[in-house]
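If you're matching them up, the sequences are chains A and B in order.
For what it's worth, this note's numbering labels the leading residue of the first sequence as 1, then goes sequentially.
For what it's worth, this note's numbering labels the leading residue of the second sequence as 317, then goes sequentially.
Simulated from the structure, these hints should not be mistaken for lab results.
Note that beta-carbon positions come from the ideal geometry of N, C-alpha and C, so glycine has one too.
Keep in mind that the hints are not guaranteed to be accurate.
As the list claims (entries may be wrong) - Just some of the chain A residues that point at chain B, by a computed CB distance under 8 Å:
id, residue
1, K39
2, T42
3, K260
4, L263
5, L275
6, L276
7, T279
8, Y304
9, I307
Claimed, not checked - Straight-line C-alpha distance at most 25 Å; calculated PhoX-like pairs for lysine-lysine:
id, chain 1, residue 1, chain 2, residue 2
10, B, K632, B, K594
11, A, K78, A, K11
12, B, K590, A, K278
13, A, K260, A, K39
14, A, K198, A, K70
15, B, K616, A, K260
16, A, K268, A, K316
17, B, K584, B, K594
18, B, K584, A, K299
19, A, K301, B, K590
20, B, K590, A, K316
21, B, K594, A, K260
22, A, K268, A, K160
23, B, K327, A, K300
24, B, K568, A, K299
25, B, K584, A, K300
26, A, K39, A, K278
27, A, K11, A, K39
28, B, K594, A, K268
29, A, K268, B, K632
30, A, K160, A, K252
31, B, K615, A, K160
32, A, K268, B, K584
Protein chains: 2
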Amino acid sequence: MKKNDIPDLVKRMLTGETLAAARLISLAENSDSNEEIIKLITPHVGNAYIIGITGAPGVGKSTLTDKLVKYLRLQDKKIGVVAVDPTSPFSGGAILGDRIRLQQLATDENVFIRSMASRGHLGGISSATSDAIKILDAYGCDYIFIETVGVGQSEIEVVKNVDTTLLVLIPGMGDEIQAIKAGVMEIADIFVVNKADKDGVERTVLEIEMLQNLGEHKEHPAPICQVIARDNEGIEQLVSAIQEHHEFLQQKNMFDANRKQRLEMEMKQIAHNKLLQKTSEFLQENYDLNQLIDDVYNKKKDVYSVINELLEEIVK
Amino acid sequence: MKKNDIPDLVKRMLTGETLAAARLISLAENSDSNEEIIKLITPHVGNAYIIGITGAPGVGKSTLTDKLVKYLRLQDKKIGVVAVDPTSPFSGGAILGDRIRLQQLATDENVFIRSMASRGHLGGISSATSDAIKILDAYGCDYIFIETVGVGQSEIEVVKNVDTTLLVLIPGMGDEIQAIKAGVMEIADIFVVNKADKDGVERTVLEIEMLQNLGEHKEHPAPICQVIARDNEGIEQLVSAIQEHHEFLQQKNMFDANRKQRLEMEMKQIAHNKLLQKTSEFLQENYDLNQLIDDVYNKKKDVYSVINELLEEIVK
Chain A
1 MKKNDIPDLV
11 KRMLTGETLA
21 AARLISLAEN
31 SDSNEEIIKL
41 ITPHVGNAYI
51 IGITGAPGVG
61 KSTLTDKLVK
71 YLRLQDKKIG
81 VVAVDPTSPF
91 SGGAILGDRI
101 RLQQLATDEN
111 VFIRSMASRG
121 HLGGISSATS
131 DAIKILDAYG
141 CDYIFIETVG
151 VGQSEIEVVK
161 NVDTTLLVLI
171 PGMGDEIQAI
181 KAGVMEIADI
191 FVVNKADKDG
201 VERTVLEIEM
211 LQNLGEHKEH
221 PAPICQVIAR
231 DNEGIEQLVS
241 AIQEHHEFLQ
251 QKNMFDANRK
261 QRLEMEMKQI
271 AHNKLLQKTS
281 EFLQENYDLN
291 QLIDDVYNKK
301 KDVYSVINEL
311 LEEIVK
Chain B
317 MKKNDIPDLV
327 KRMLTGETLA
337 AARLISLAEN
347 SDSNEEIIKL
357 ITPHVGNAYI
367 IGITGAPGVG
377 KSTLTDKLVK
387 YLRLQDKKIG
397 VVAVDPTSPF
407 SGGAILGDRI
417 RLQQLATDEN
427 VFIRSMASRG
437 HLGGISSATS
447 DAIKILDAYG
457 CDYIFIETVG
467 VGQSEIEVVK
477 NVDTTLLVLI
487 PGMGDEIQAI
497 KAGVMEIADI
507 FVVNKADKDG
517 VERTVLEIEM
527 LQNLGEHKEH
537 PAPICQVIAR
547 DNEGIEQLVS
557 AIQEHHEFLQ
567 QKNMFDANRK
577 QRLEMEMKQI
587 AHNKLLQKTS
597 EFLQENYDLN
607 QLIDDVYNKK
617 KDVYSVINEL
627 LEEIVK
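Generate the whole structure from the sequences, applying the supplied hints.
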């Protein structure tokens with residue numbers, strides 16, 4: 001048997017072999033075989049519930065994930081965790097520490113933990129994460145957590161893949177709340193105020209409520225859960241809030257609608273990336289790009305004429 | 317004559333009619349006529365020198381631009397200024413104030429000032445700015461300043477359009493320098509330390525030098541110019557530094573090479589946007605997108621098979 005025989009790896013993963021799942025995620029992330037993998041597992045996906053955990057560095061996302069996973073393990077759920085680490089020269093140490101903490105769970109064969117580096121462009125993270133979610137879903141996970149490191153654009157991209165997004169904050173973050181509110185507050189389905197034994201927790205809750213009132217009025221404002229993840233306090237209530245959000249989505253017929261909307265975005269992203277790749281291959285095979293650039297630079301042709309001619313060659 | 321008769325507007329702009337230039341920039345920004353405009357003006361571009369001015373809010377970019385413009389006007393140069401305002405709910409007031417200050421120059425018919433809002437995606441700003449630069453170039457400007465409001469990703473996109481980038485800092489910005497250094501310090505061809513009569517100027521200069529040493533060793537480290545823009549101090553030296561950077565680029569055969577590289581990026585961006593547009597038009601005309609999404613959602617097909625079939629229809 002070939003080491004990377006994908007149909008065989010898929011078969012083994014579907015019988016619960018952890019190493020096969022790990023190998024498939026690596027192959028999907030680092031090679032062109034993601035298409036073959038996704039084709040083979042498509043009949044087996046759609047059962048996992050996907051939860052995104054985002055928030056600024058230092059708010060305790062990994063500890064929270066750890067406690068949520070342990071709580072759900074007591075209910076005999078199978079869990080996947082994908083930690084998305086945007087490449088950053090500053091945060092390397094912290095990420096490593098977080099990962100080591102999470103690895104304590106790694107001796108449990110029903111908890112699958114995977115770190116993904118977000119090399120390259122945003123679409124890349126999003127599509128690698130999306131593939132990993134599908135593989136863990138087919139692997140039989142009941143819950144998949146997507147934990148991001150920051151709250152920038154890449155995190156917003158990543159949480160587009162999830163059913164319920166937790167935005168984690170800590171007391172005394174007033175300024176940070178101000179700084180992140182544009183475009184980030186809106187992604188929260190549930191606000192989690194961690195380290196809720198710290199001073200200023202009431203103020204943080206109040207600030208979140210005020211920002212929610214400033215924003216577009218949601219029919220169902222995101223609940224605010226106070227937890228002390230380190231001491232395992234508030235975890236049960238948070239899991240209830242996640243389940244209530246799930247039920248809310250289903251009652252409003254938004255669960256499938258949201259997933260279809262995400263699927264539409266995913267399809268556009270894939271089509272987009274493939275088009276770009278085909279175009280650049282076509283250019284390399286058929287054109288001297290430097291000559292075209294020289295022609296435009298020397299004003300023999302204008303940029304739009306050159307591109308329109310090229311596209312007529314490429315697009316039917 | 318039709319009000320928006322583009323060939324006529326171009327003809328009038330080429331004879332120096334300011335209102336025609338203004339109208340063409342608006343048309344290029346807000347309509348599909350940018351292609352026609354660029355085609356008509358292409359023979360007339362390539363003479364202006366393009367300078368980017370970027371830096372955090374409050375460092376005095378507008379005052380600096382104002383003083384640079386006035387200095388170059390004494391040498392009878394024709395000047396264009398494009399101020400790129402990323403849409404932000406927080407900075408509206410400051411931008412307005414800056415613009416009003418700049419408008420004092422607007423009575424001079426050899427100074428053309430234009431504000432551009434960066435609505436929509438990053439590629440959008442970059443391409444609208446790029447069109448505006450070409451129009452002002454054909455209009456006969458000797459120097460075109462692109463002033464950005466912040467130092468985020470959109471500003472990095474914008475300065476990809478320029479020959480020389482000034483990164484403006486002020487004393488006492490140590491923390492900010494730390495925060496922006498990744499990806500932004502590298503874009504500076506010249507560091508401008510404004511408000512150089514303030515405490516801490518030596519430290520700021522030292523910090524810039526240290527960061528330069530940390531980064532990849534440039535053959536030609538970016539010079540650091542101390543100015544007090546408000547008092548018109550250091551402006552002549554800064555203009556000299558810009559001219560030296562221009563000469564350096566020419567000596568190293570980098571001036572044309574850089575412009576060609578920018579042209580290549582611009583062409584790819586345009587091709588990219590057009591491909592996306594063509595694809596979505598094709599999809600709308602020929603397919604029931606919702607049906608395709610339902611098929612994938614209901615696992616009748618996998619996402620990659622659907623997209624590969626579609627692309628075979630679209631791409632030759």
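To see whether the hints hold, each was checked on the structure:
Because the closest C-beta pair between A:K39 and chain B is about 5 Å apart, less than 8 Å, the hint holds. Interface hint at A:T42: satisfied, since its Cβ lies 4 Å from the closest Cβ of chain B, which is below the 8 Å cut-off. At its closest, the beta carbon of A:K260 sits 5 Å from a beta carbon of chain B; the interface hint therefore holds under the 8 Å criterion. Taking 8 Å as the C-beta cut-off, the interface hint given for A:L263 holds, the closest approach to chain B being about 5 Å.
Interface restraint check for A:L275: the shortest CB-CB distance to chain B comes to about 5 Å, inside 8 Å, so the restraint holds. Against a cut-off of 8 Å between C-beta atoms, the interface hint on A:L276 holds, since the closest Cβ of chain B lies about 6 Å away. This hint holds: A:T279 has a C-beta 6 Å from the nearest C-beta of chain B, less than the 8 Å allowed. Checking A:Y304 against chain B by beta carbon gives a least distance of about 4 Å; that is within 8 Å, so the hint holds.
Interface restraint check for A:I307: the shortest CB-CB distance to chain B comes to about 5 Å, inside 8 Å, so the restraint holds. Distance hint between B:K632 and B:K594 is fulfilled; the C-alpha atoms sit about 13 Å from each other, no more than 25 Å. For the given pair, A:K78 sits about 19 Å from A:K11 by alpha-carbon distance, which is consistent with the 25 Å threshold. The straight-line distance between the Cα atoms of B:K590 and A:K278 is roughly 14 Å, inside the 25 Å bound, and the hint therefore holds.
Distance hint between A:K260 and A:K39 is fulfilled; the C-alpha atoms sit about 18 Å from each other, no more than 25 Å. At roughly 24 Å between alpha-carbon atoms, A:K198 and A:K70 fall within 25 Å of each other, so this suggested pair holds. Taking the CA atoms of B:K616 and A:K260, the gap is about 14 Å. The hint holds against a cut of 25 Å. Restraint check for A:K268 and A:K316: the C-alpha separation of about 19 Å stays at or below 25 Å, so the hint holds.
Using a Cα cut-off of 25 Å, the hinted pair B:K584 and B:K594 holds, with the two alpha carbons roughly 15 Å apart. About 18 Å separates the Cα atoms of B:K584 and A:K299, which keeps this hinted pair within 25 Å; it holds. Between A:K301 and B:K590, the direct Cα distance comes to roughly 18 Å. Compliance with the 25 Å bound is thereby established for this hinted pair. Taking the CA atoms of B:K590 and A:K316, the gap is about 14 Å. The hint holds against a cut of 25 Å.
This hinted pair checks out: B:K594 and A:K260 have alpha carbons roughly 23 Å apart, not beyond 25 Å. With a CA separation close to 13 Å, the supplied pair A:K268 and A:K160 stays within the 25 Å bound. Between B:K327 and A:K300 the CA atoms are separated by roughly 20 Å; this keeps the pair inside 25 Å, and the hint holds. With a C-alpha separation of about 23 Å, the suggested pairing of B:K568 with A:K299 holds against the 25 Å cut-off.
Using a Cα cut-off of 25 Å, the hinted pair B:K584 and A:K300 holds, with the two alpha carbons roughly 19 Å apart. Between the alpha carbons of A:K39 and A:K278 the distance comes to roughly 21 Å, so the proposed pair stays at or under 25 Å and holds. Taken as a hint, the A:K11 and A:K39 pair is honoured in the structure, with Cα atoms around 13 Å apart against an allowance of 25 Å. For the hint pairing B:K594 with A:K268, the CA-to-CA distance comes to about 13 Å; that is within 25 Å, so the pair holds.
A hinted pair counts as satisfied when its Cα atoms are at most 25 Å apart, and A:K268 with B:K632 qualifies at roughly 19 Å. The hinted pair formed by A:K160 and A:K252 meets the criterion: a straight-line CA distance of about 19 Å does not exceed 25 Å. Of the pairs offered as hints, the one joining B:K615 and A:K160 holds, with about 20 Å between alpha carbons and a cut-off of 25 Å not exceeded. Restraint check for A:K268 and B:K584: the C-alpha separation of about 19 Å stays at or below 25 Å, so the hint holds.
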